[in-house]
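**Q** Spelled out from the first residue to the last, the chains are:
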Amino acid sequence: MPFPSRSSGPSTSDRLPGSDRSARSGRPVRSGRSARVRNRAAYLFLTPATVLFLAFLVAPICYAVVLSTRASTVTGGGIGVRVERFVGLRNYRDALSDPELWQSMVRLLWYGLIVVPVMLGCALLFALLLDARRVRAKRFSRIAIFLPYAVPGVVATLLWGFLYLPDISPLHDLFGLVGLAAPDPLGPELVIGAVANIAIWGGTGFNMIVLYTSLRAVPSELYDAARIDGCGEIGLATRIKIPLLVPALVMTGIFSLIATLQVYSEPATLRPLTNTISSTWVPLMKVYRDAFVNGDPYLAAATSVVLALGTLVVSLGLLRVLQDRAFGEER
Amino acid sequence: MSRVSVTTAAGSSRRGGIAAVLPTVALLLGAVYCLIPVVWVVVAATKTPGELFSTFSFLPGTRGGLADNLSQLSGYRSGEFWRWGLNTALYAGVGAGLSVAVSAVAGYALAKYRFPGRTAAFNVLLAGVLVPQITLAIPQYLLLAEVGLTDTYWSVLLPSILSPYGIYLSRIYATAAVPDEMVEAARIDGAGEFRIFTSIAVPTMVPGLVTVFLLQFVAVWTNFLLPYIMLADDRKFPLTVGLFTMLNQGADQPALNTLVITGALLAVIPLIALFLVLQRFWSIDLVSGGVKA
Chain L
3 MPFPSRSSGP STSDRLPGSD RSARSGRPVR SGRSARVRNR AAYLFLTPAT
53 VLFLAFLVAP ICYAVVLSTR ASTVTGGGIG VRVERFVGLR NYRDALSDPE
103 LWQSMVRLLW YGLIVVPVML GCALLFALLL DARRVRAKRF SRIAIFLPYA
153 VPGVVATLLW GFLYLPDISP LHDLFGLVGL AAPDPLGPEL VIGAVANIAI
203 WGGTGFNMIV LYTSLRAVPS ELYDAARIDG CGEIGLATRI KIPLLVPALV
253 MTGIFSLIAT LQVYSEPATL RPLTNTISST WVPLMKVYRD AFVNGDPYLA
303 AATSVVLALG TLVVSLGLLR VLQDRAFGEE R
Chain Z
55 MSRVSVTTAA GSSRRGGIAA VLPTVALLLG AVYCLIPVVW VVVAATKTPG
105 ELFSTFSFLP GTRGGLADNL SQLSGYRSGE FWRWGLNTAL YAGVGAGLSV
155 AVSAVAGYAL AKYRFPGRTA AFNVLLAGVL VPQITLAIPQ YLLLAEVGLT
205 DTYWSVLLPS ILSPYGIYLS RIYATAAVPD EMVEAARIDG AGEFRIFTSI
255 AVPTMVPGLV TVFLLQFVAV WTNFLLPYIM LADDRKFPLT VGLFTMLNQG
305 ADQPALNTLV ITGALLAVIP LIALFLVLQR FWSIDLVSGG VKA
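Protein chains in written order, with the working numbering: chain L, 3 to 333; chain Z, 55 to 347.
The set of hints was computed from the structure by calculation and includes no laboratory data.
All residues carry an ideal CB built from backbone N, CA and C; glycine is no exception.
Warning: the hint list may mix true and false statements.
Unchecked claim - Which bits of chain L does chain Z cover? Going by a derived footprint, with three or more residues having C-beta under 8 angstroms, they are:
#1 56-63
#2 171-181
#3 202-216
To be verified - Okay, the calculated bits of chain Z under chain L, using three or more residues with CB under 8 angstroms as the criterion:
#4 80-87
#5 246-258
Starting from the given sequences, assemble the full structure and let the hints guide the process.
**A** See below:
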């Protein structure tokens with residue numbers, strides 16, 4: 003439509019300054035029929051998402067719960083017949099009494115205690131530095147730190163995994179220069195840190211961008227006023243910026259926690275490079291082994307349900323605690 | 055105002071000395087740490103298998119390793135690596151494209167319509183954001199096995215379309231960007247609801263939808279567990295699963311290591327390129343969802 007103003011029929015562009023028009027006529031009267039038409043449209047718009055939500059989120063959850071209460075037993079002599087039957091909470095008892103699951107959970111706890119604070123701490127520091135005055139090389143650093151987000155976990159692990167090997171590691175050369183034996187990142191003492199480093203490397207940039215986006219939304223007048231009052235850059239960061247970032251920090255914290263609890267590809271990819279990582283190193287690796295190597299999807303389903311419930315409880319609990327604290331600070 | 059800040063800046067930098075450059079140094083240290091593995095993979099891809107474990111990590115190979123590695127990688131199981139690349143582009147491109155369509159229309163409905171059950175729908179969606187997606191992979195596999203869809207392209211594509219987080223973001227974009235007056239005016243003019251969505255809502259939501267697309271594209275491109283569980287036929291593998299299987303074989307055949315490294319380099323180049331080209335869309339606001347270009 004090259005000349006919208008000349009077209010005789012009603013067009014949307016004619017109505018563009020129509021805000022005052024609707025203001026004059028007040029709220030448009032809703033007839034019962036048009037409301038029904040609109041509701042029908044809304045439900046239609048939501049149909050694809052609802053179908054997918056039911057098929058790939060609700061149904062798997064329900065199926066996992068059902069599976070977790072069943073088991074396959076072989077009856078009859080010889081080859082026998084496989085029969086699936088209800089066994090109540092037996093799988094849960096088996097899952098929770100398995101020391102391998104608890105060992106993997108303890109490992110996951112240590113891993114999470116390293117990854118979440120270090121990653122978010124670095125992300126916060128870099129976001130504040132990007133937003134501060136008199137800091138140089140901002141554009142280059144922002145791109146460089148965000149770059150690992152584009153590297154798949156498997157590839158990141160592959161790169162770091164080779165860099166951890168004594169024959170490749172530049173640290174090995176460095177320690178060799180001063181005549182010391184380099185620590186082995188893939189040895190039993192350091193391996194959790196080695197996996198954590200990969201996750202921190204991959205996740206810091208994304209969280210930095212989220213926090214930085216949040217910082218840039220703050221009107222600069224707020225800072226100008228504080229500067230006139232003699233507030234330095236550090237004071238500005240601790241007294242104004244960090245409190246303003248609390249909601250974004252809560253969100254990044256929750257998402258990091260959820261990602262941490264489902265860590266799988268990093269340790270699984272490191273396995274060919276080291277003997278330190280067992281096939282049940284983290285809970286999800288145990289779920290995979292139970293379901294696909296040992297052929298017991300029932301036990302795997304029970305473990306999955308426990309993990310999902312644990313994740314939900316931890317993230318909702320954290321959300322609550324952090325929100326209370328955030329509101330407390332505002333008061 | 056500007057005079058005040060200029061004088062304070064000059065004054066403190068004269069006083070500051072080392073303290074004045076410390077923030078820049080900290081930021082650069084972070085940048086260098088993030089670049090180390092990327093620089094290494096570029097360097098290592100130029101090495102021959104012999105050089106990989108014998109020469110200094112960050113010195114490029116001198117015996118024309120890159121050309122050898124590339125041609126050997128191309129020849130690996132008659133060009134399977136490139137097939138994995140095409141598969142990845144298909145999963146990520148089609149998956150993210152459909153995901154944006156579903157998210158945009160659902161987010162728009164949640165933002166602009168007052169229908170019974172709206173609040174409930176939104177709360178269920180938020181719960182979906184918190185569900186750890188990966189713990190769903192095994193029941194998803196078993197369910198798809200029931201309908202005979204495992205080990206097909208669909209088994210990776212279909213679960214990749216749903217993104218509760220994408221719907222959540224789209225709803226925020228629609229609330230912020232689509233003016234109610236324009237929607238009302240179009241209704242008075244007799245435009246249908248779907249027509250209003252495509253010709254008024256979508257154009258104003260575009261910057262936000264690009265971000266939703268990019269987030270989902272990267273999520274699918276980097277996904278490992280879902281295709282790893284769903285697929286058995288290596289001709290349907292994406293790059294992540296393909297490289298993983300190559301690395302596992304590399305434990306027995308060290309000659310494969312340089313191919314895995316070259317493959318890793320090739321696997322990240324498209325994403326890094328996408329990244330640099332579409333930089334201005336990488337503003338991710340988790341709290342209000344806004345895009346500030």
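**Q** Run every hint past the structure and note whether it holds.
**A** Hints versus structure:
1. 56-63: holds (count 6)
2. 171-181: holds (count 3)
3. 202-216: holds (count 8)
4. 80-87: holds (count 7)
5. 246-258: holds (count 5)
Hint violations for this structure: none, all hints satisfied.
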